[in-house]
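When you get a sec, could you build the whole thing from the sequences and use the hints?
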Amino acid sequence: MSAPVTIRLQEGDFDVAAESAALTRGRTDIGAVVTFIGICRSGEGADAITALTLEHYPGMAEEEIARHAQEALARWPLNGLTIIHRYGRLQPGENIMMVATASAHRAAAFEAAEFLMDYLKTAAPFWKSEERCSGTTWVEARSEDDQAAARWTKS
Amino acid sequence: MVRILYFAWVRERIGKAEERVELPASARTVADLIAWLSSRGEEYAYAFERPTVIRTAIDKVHVKPDTAIAGAREIAFFPPMTGG
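Listed in order, the protein sequences are those of chains A and B.
Residue 137 in our numbering sits at position 137 of the first sequence, with consecutive numbering throughout.
Take any residue in the second sequence, note its place counting from 1, add 1000, and you have its number in our numbering.
One should not assume that every hint holds.
What the hints assert, rightly or not - Stretch-level coverage of chain B by chain A, calculated; a stretch enters the list once three of its residues show a Cβ under 8 Å from a Cβ in chain A:
#: 1; stretch: 1005-1015
#: 2; stretch: 1070-1081
Said to hold, decoys possible - Below, simulated SDA-like cross-link-like pairs (lysine to any residue); rule was C-alpha separation at most 25 Å, straight line:
#: 3; chain 1: B; residue 1: K1060; chain 2: A; residue 2: R89
#: 4; chain 1: B; residue 1: K1064; chain 2: A; residue 2: A150
#: 5; chain 1: B; residue 1: K1016; chain 2: A; residue 2: A141
#: 6; chain 1: B; residue 1: K1060; chain 2: A; residue 2: Y87
#: 7; chain 1: B; residue 1: K1016; chain 2: B; residue 2: E1074
#: 8; chain 1: B; residue 1: K1016; chain 2: A; residue 2: V139
#: 9; chain 1: B; residue 1: K1064; chain 2: A; residue 2: R151
#: 10; chain 1: B; residue 1: K1016; chain 2: A; residue 2: Q70
#: 11; chain 1: B; residue 1: K1060; chain 2: B; residue 2: R1011
#: 12; chain 1: B; residue 1: K1064; chain 2: B; residue 2: R1050
#: 13; chain 1: B; residue 1: K1060; chain 2: A; residue 2: E63
#: 14; chain 1: B; residue 1: K1060; chain 2: A; residue 2: Q70
#: 15; chain 1: B; residue 1: K1016; chain 2: A; residue 2: I7
#: 16; chain 1: B; residue 1: K1064; chain 2: A; residue 2: A148
#: 17; chain 1: B; residue 1: K1064; chain 2: A; residue 2: W138
#: 18; chain 1: B; residue 1: K1060; chain 2: A; residue 2: S143
#: 19; chain 1: B; residue 1: K1016; chain 2: B; residue 2: D1032
#: 20; chain 1: B; residue 1: K1064; chain 2: A; residue 2: T153
#: 21; chain 1: B; residue 1: K1060; chain 2: A; residue 2: I7
#: 22; chain 1: B; residue 1: K1060; chain 2: A; residue 2: V5
#: 23; chain 1: B; residue 1: K1016; chain 2: A; residue 2: E55
#: 24; chain 1: B; residue 1: K1060; chain 2: A; residue 2: A51
Keep in mind that the hints were calculated from the coordinates and are not lab data.
Ideal Cβ placement from N, Cα and C applies to all residues, glycine included.
Here it is in structure tokens:
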């Protein structure tokens, strides 16, 4: 059976349950589906985030995500994979992105989902800016994300 | 002529999202190009003031500063990414 790959960039929201169901519909070989959802947080306190804007590099974002998807398919026995990433202006509580992986057994589904997230955080061309009462600032990349991505590098 | 794209605060500091430039013969690598762009004006110097922070893509593929730019159709400069 095939391993369908769905990659979408969109401004509007997505339905995680529907996307997960689409991965398993009509299939009898899938024993595990892992879904990860990235959500906009507001943070605590008086200077909480009031909005989050995601800028992206159209064309490269899709291509870079596709490259990571192909690497995940090469490294793990997956039966399907879905990555959806929003862009534009979002409110706290809204979905930002999701990754869903399907496999016969859970280890591959969990590991591939984590691998994809670690790479998406560091290599997919998106940039977040946060609006607060005090002003709008660009989010800075975190070294923890680079370290997380580095641990997947094959020696 | 090469299409050059700028994103996030690189775009804000330079004041434009994209432009077309004639690459100078002296610029062989990404690092050379960043140095040449920095010399074009204060806004460019400000955007590239910490070159080690800048990330580059040639034709939508991540590249390192020592990568040759010959043959590039599109070169993008941006800060470290914060997607996901």
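Hints and how they fare:
1. 1005-1015: holds (count 4)
2. 1070-1081: holds (count 5)
3. B:K1060 x A:R89: Since the Cα atoms of K1060 (chain B) and R89 (chain A) sit roughly 24 Å apart, the hinted pair holds (cutoff 25 Å).
4. B:K1064 x A:A150: 16 Å, holds
5. B:K1016 x A:A141: 23 Å, holds
6. B:K1060 x A:Y87: 18 Å, holds
7. B:K1016 x B:E1074: Distance of about 15 Å is within 25 Å: holds.
8. B:K1016 x A:V139: 20 Å, holds
9. B:K1064 x A:R151: Roughly 20 Å separates the two Cα atoms, so the pair holds.
10. B:K1016 x A:Q70: 34 Å, violated
11. B:K1060 x B:R1011: 17 Å, holds
12. B:K1064 x B:R1050: Measuring from Cα to Cα gives roughly 15 Å; hence the hint holds.
13. B:K1060 x A:E63: Distance of about 8 Å is within 25 Å: holds.
14. B:K1060 x A:Q70: 17 Å, holds
15. B:K1016 x A:I7: 29 Å, violated
16. B:K1064 x A:A148: Holds. K1064 (chain B) to A148 (chain A) sits at ~20 Å (cutoff 25 Å).
17. B:K1064 x A:W138: 23 Å, holds
18. B:K1060 x A:S143: 23 Å, holds
19. B:K1016 x B:D1032: Measuring from Cα to Cα gives roughly 21 Å; hence the hint holds.
20. B:K1064 x A:T153: Answer holds: K1064 (chain B) to T153 (chain A) is near 17 Å, not above 25 Å.
21. B:K1060 x A:I7: With a Cα-Cα distance of about 17 Å, the restraint between K1060 (chain B) and I7 (chain A) holds, given a limit of 25 Å.
22. B:K1060 x A:V5: 20 Å, holds
23. B:K1016 x A:E55: Answer holds: K1016 (chain B) to E55 (chain A) is near 14 Å, not above 25 Å.
24. B:K1060 x A:A51: The hint is violated at about 28 Å.
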